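S.K.: Chain residues, written in single-letter form:
There are 2 protein chains.
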Amino acid sequence: MKKKESNDFEETIVALATPQGIGAIGTIRISGNSAIDVANSVFKGKDLRKQESHTIHFGKIVDQDIIIDEVLVSVFIAPKSFTRENVIEISSHGSPYILQKIIQLLIKQGTRFAKPGEFTKRAFLNGQFDLAQAEAVADLINSDSNAAHMAAMNQMRGGFSKKIKALRDELIHFASMIELELDFAEEDVEFANRDQLVELILSIQKEISKLIESFRIGNVIKNGVPTVIAGKPNSGKSTLLNVLLEEEKAIVSDIPGTTRDLIEDEIHIEGISFRFIDTAGIREAKDKIEAIGIERTHSKMKTASVILYIIDLAEENTLDIREAEQKLKSLKIPWILIGNKTDKLSESALSKLKKEFPDMIFISAAGEVNIDILKKSLLNLIKADSFKTGDTIVTNIRHIESLTNTQTALDDVLKGIDRKVTGDFLAMDIRQSLYHLGEITGQITTDDLLENIFSKFCIGK
Amino acid sequence: MKKKESNDFEETIVALATPQGIGAIGTIRISGNSAIDVANSVFKGKDLRKQESHTIHFGKIVDQDIIIDEVLVSVFIAPKSFTRENVIEISSHGSPYILQKIIQLLIKQGTRFAKPGEFTKRAFLNGQFDLAQAEAVADLINSDSNAAHMAAMNQMRGGFSKKIKALRDELIHFASMIELELDFAEEDVEFANRDQLVELILSIQKEISKLIESFRIGNVIKNGVPTVIAGKPNSGKSTLLNVLLEEEKAIVSDIPGTTRDLIEDEIHIEGISFRFIDTAGIREAKDKIEAIGIERTHSKMKTASVILYIIDLAEENTLDIREAEQKLKSLKIPWILIGNKTDKLSESALSKLKKEFPDMIFISAAGEVNIDILKKSLLNLIKADSFKTGDTIVTNIRHIESLTNTQTALDDVLKGIDRKVTGDFLAMDIRQSLYHLGEITGQITTDDLLENIFSKFCIGK
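Top line first, the protein sequences correspond to chains A and B. Letter 143 of the first sequence, counting from 1, is numbered 143 in this note's numbering, and no numbers are missing. Letter 174 of the second sequence, counting from 1, is numbered 174 in this note's numbering, and no numbers are missing.
Please note that the accuracy of each hint is not assured.
Put simply, identical chains are the same to the list, so a pair is met inside one copy or across any two.
[Unchecked claim] Keeping only pairs whose Cα atoms sit at most 25 Å apart, straight-line, the calculated BS3-like set for lysine-lysine is: (1) Lys415 <-> Lys302; (2) Lys344 <-> Lys232; (3) Lys249 <-> Lys420; (4) Lys332 <-> Lys50; (5) Lys165 <-> Lys332; (6) Lys162 <-> Lys354; (7) Lys206 <-> Lys420; (8) Lys249 <-> Lys60; (9) Lys355 <-> Lys327; (10) Lys60 <-> Lys376; (11) Lys50 <-> Lys206; (12) Lys163 <-> Lys60.
It should be emphasised that the hints constitute simulated quantities derived from the structure, not laboratory data. Just so you know, these numbers come straight off a predicted model, no measurement behind them.
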């Protein structure tokens, strides 16, 4: 396996780096020892082998006598490139036909078509960045909200990796002290103070708990919050949904060529996306009698991460509201109780209700009153504010697995100390926790792990 | 109008240059006087204003304190750029969200979002190339076959423009001679020999006729050939169509990220695309009794540029074939008569038929016999071979209009000479022909003409 890896590595790879389709320009990326030679063999204009790194050259890509396109070629000389290998980028006219012709020509010249994520994998293996940073490259490309963008950027720039490395360094220090004890086993000395070790492990566990805890928001950032709007027929579910979605439509930027596809039934609040689920049900219900009634609402509420429950203030009384509240509490999912149709109530009735239900949000969906307050409550509900800007937020389930495994190994260390086991057992458990921390940043890797991570990348990255 | 144009020109423009969607990288292009200053104002890494042309710089795009992305910035200093203005290209991670953020930031810094084709328009107005070459840029981007690619490349590289310029120069020489006569009008001299002028105009008209004639193949190259497969029920239309389309599927390259969309019911023969029309009818007919029969076939044949008419050799006799031939001749559209199901005939019967109908192509669609010969005949039918590689082929309907107008103006010159009109009338008609030739390469332009041409470009080009 190792052998194959190293052969793979010697090959020069090529792929389209820009998105598929027609555009003004398209860019092909080549990486590997022979990247510059190969490009030079199909380039007419100047000798690319004699150019400095980070320079751009105008010329023609030719297949024998046939001119395929006039292009700009960028030269990056190892190790000053993304992959730390020789890299060539060819920018041609953005015709899929021409780009395909150029790639075919380069393959004929001895390059190989790159596997998904292979450029980034090479960058990682050549020490450009660690594994968590490499993973952030993919997150960055897929980021479609401010929060996801910022979390990926922080991770790519090494914020998370630094944290992991700091924890690891502290453990390594102790592990080496304990391993030193093993050399002097007969003398029964303790170089590593057990009380200090306990203290250290507890503080590391606290840090790791905080990181694991951050995944609650990290997951939300990366995958959005499945949200349900529930309530009795005609309470205004459909109206509220429309008001929220219309506002979203108005916000989405319309710079041609960059407009994100508007995902149906999704809104963004301060960069967090809330996806409304089972909205078809809500829309249907507008015209039909909702015969299935509250049971159906109940079952669909269970699939959500957040519930917006609407009370029709014009129809439902205090008892109804209490009953709804009880039901929501029993679900153990964060919820907001919304009193709708405030416009149909007298001011006195309204102020009485407000006193009785201080946690209820009073709105008029039809009148678009207090929608902003509702949005803010929605954001508060997922406790996004418990993390400050700059806080490290874990968004990757693989990292959570490794962190959880680290916690377990550290628990074992603590138990061992408690039971006064010998140094060699302690050292083993500490090494286990180091192993799991190392998986995150890639100090510890296996071919399978790398394969698994990079195969999810897009081709050309 | 002129005023606005010049103001437009002073603005620095920005757009996404790579196709829309997610990719490894995306490139934003900025062009104009302040391109480098604007980019520098959002770039952290080095001072872009101090860099040489055609160099690449790694750094961060920042909005105040917030890092939007790590990018590579390419610097092109006027006039050494595509537009001959200062140009910056920013290559960021290929997330539509990030690209949009960067463009928004650049617009906040005083650039303007580019109109479709505006980069190429500026390149034209700054003398980078003439109008016919600018138009070829769009053709190149949209080219999806070898023939279209080669025609666009030849035009972009100035092959067509050179031809037009040569014709124009000859006419200009004569026009100036005739205008010289006007200065000496009282002396009744003829600087421009009328016989020589007639000879020149006839030779120019011959050249132009050849160019206009080339549009027959040029149009085919650019737009493909609408082709109909006709014939009686069960003659094998559906089988032949499937055989041709299956071969095409096998040919289309499968380099990920560059694969052209396989256009349904289209095949390429030596880079020329043949689109089969009304294939739904053929497919339906397979299961149903084709009650509408020959009338329907007849009417759909009229919409084609090429007709493949299939005879079922096992069912139809000599009389039927003669009748079909007569019908095809009456349509005045190029056609091929195909004898299908050769496998069901005795060798002697087949050789007798071959003698009787020397122009018929004998195939077995089911047995995939002689399909290659059929394809070659199809190519011959559109007389693609009457133009040699390197011949100038006009693919643009606008150019054909101008060439036709030139011919008319030259006819008027000839008539004028014949009628012995005075030099000033001749000069007017020659100037008219110069005007129309000048429209092609853009020596003569109007705002409307440019607007019309460049608005069809994609944004970012």
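S.K.: Work down the list of hints and note, for each, if the structure agrees.
M.R.: Hint by hint, here is what the structure shows:
1. Lys415 <-> Lys302: Result: close neither inside a copy nor across copies, 38 Å intra and 89 Å inter.
2. Lys344 <-> Lys232: within (17 Å within a copy, 73 Å between copies)
3. Lys249 <-> Lys420: Intra 63 Å, inter 71 Å, cutoff 25 Å: neither.
4. Lys332 <-> Lys50: neither (67 Å within a copy, 61 Å between copies)
5. Lys165 <-> Lys332: For lysine 165 and lysine 332, neither the intra-copy (37 Å) nor the inter-copy (80 Å) Cα distance is at most 25 Å.
6. Lys162 <-> Lys354: neither (48 Å within a copy, 82 Å between copies)
7. Lys206 <-> Lys420: within (23 Å within a copy, 104 Å between copies)
8. Lys249 <-> Lys60: neither (45 Å within a copy, 30 Å between copies)
9. Lys355 <-> Lys327: Classified as within; 21 Å inside a copy, 90 Å across copies.
10. Lys60 <-> Lys376: neither (56 Å within a copy, 32 Å between copies)
11. Lys50 <-> Lys206: neither (55 Å within a copy, 49 Å between copies)
12. Lys163 <-> Lys60: between (48 Å within a copy, 22 Å between copies)
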